[in-house]
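Trainee: Sequence:
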Amino acid sequence: MSSPDVAQVRQTFLTTGDEAWLPIVDAHHHYWDVPRNPHPWLTDLPRISFRYGDYEAICKDFLPADYATNCGDHLVLRHIAMEGEWTSQDPTGEALWMQRLAETTSVHHQRPHALAAQIWLDRADVGDVLQAYSQAPLVGFVRSVRHKPHCTSREQYRESWAEPGSMRCPRWRAGYAQLAGAGLMFELQAPWWHMAEALELARDFPGTQVIVNHAGMPGTRDAPTLSAWRRAMAQLAPYPNVSVKISGLGVKGQAWTLAQQAPVLQALLADFGPARCMFASNHPVDALVVSLSDLWSGFKALTRELPPEQRLALFCDNAMNLYQLS
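Per the numbering used here, the very first residue in the sequence shown carries number 679; after that it's consecutive.
Simulated from the structure, these hints should not be mistaken for laboratory data. Among the clues, some could well be false.
The calculated label-pair distances, taken between Cβ atoms and stated as ranges, are [stated by the list, open to error]:
(1) THR782 with ALA979: 30 to 38 Å
(2) ALA698 with ALA901: 31 to 39 Å
(3) GLN944 with SER838: 29 to 37 Å
(4) ASP683 with GLU837: 47 to 55 Å
(5) SER681 with TYR917: 31 to 39 Å
Ideal Cβ positions, reconstructed from N, Cα and C, are used throughout, including at glycine.
Construct the entire structure; sequences and hints are all you get.
Mentor: Structure, rendered in structure tokens:
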């Protein structure tokens, strides 16, 4: 089935100013096939502790047709699929499944166009996994990797944090050092109080692009927490090899509102600029706090006063360029 051309849709938006024509690249969401594929956190009991609380509602299939059904009239034309914690015993299995999903999804603008794949940077097989991602059929499809580093609570965090599996762990950093040679970006998911460690990665490995997931996970929106989050994130702004995904912004037990998200967006745009930020849905996970259609409507509402070129950067261009989507 034919799909809208990104360049044509982009030009129509610039010509008309009609945000119904605003092209969207969803820079971070998941596809999974439950229970046929091994995602222990989605299939096993008891469920794990989760930042949004009870997540039973997302322990089911989420495939391209489901995304299309849920996104309403928004023109989501490209998809960056994020690894979904497939079993670590099969580190390349999800990438191979996702690549087959891309090949078998008939509607071009609904398929995964690139993948942020699983990696375990502190394991002995890190080189073998990176080699698999650099060979057919995964080369050019896997554009980045994610390994959530070992983190702790804000209350227990200390500036000298260097636990095994953390961003300061020698084995972890040795694995990270191989990413530049593999031509892969790094997707960092860690709470904001760990950003001093991320700064060290950006500084010490300038050849590796760091993409901070979920805006550094600001958490609650009280003024002291927001201020501390912004200071932590601002440490990364001087490093040109750092970009930020504006995604995963839900707060446990609270409605997803424009008022809740506005200060996060404003701070990131002020500190990083619109050329280094990109919107993403984090669905189906964030379906626990906001519908897919309402999320995209909310991001549009929050950016309505920005120039068209900046909106295109946030919704489309930055992700297209960073993930090399033609």
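Trainee: Evaluate the given range 29 to 37 Å for the C-beta pair formed by GLN944 and SER838.
Mentor: holds, 33 Å
Trainee: Please check whether SER681 and TYR917 have a Cβ separation lying inside 31 to 39 Å.
Mentor: For SER681 and TYR917 the Cβ distance comes to about 36 Å; the hint holds.
Trainee: In this structure, is the beta-carbon distance linking THR782 and ALA979 contained in 30 to 38 Å?
Mentor: Since the Cβ atoms of THR782 and ALA979 sit about 36 Å apart, the hinted range of 30 to 38 Å holds.
Trainee: Taking 31 to 39 Å as the stated bounds, is the beta-carbon spacing between ALA698 and ALA901 within them?
Mentor: holds, 36 Å
Trainee: Check the following: the C-beta atoms of ASP683 and GLU837 are separated by a distance inside 47 to 55 Å.
Mentor: holds, 50 Å
When the structure is compared with the earlier hints, no violation turns up for any of them.
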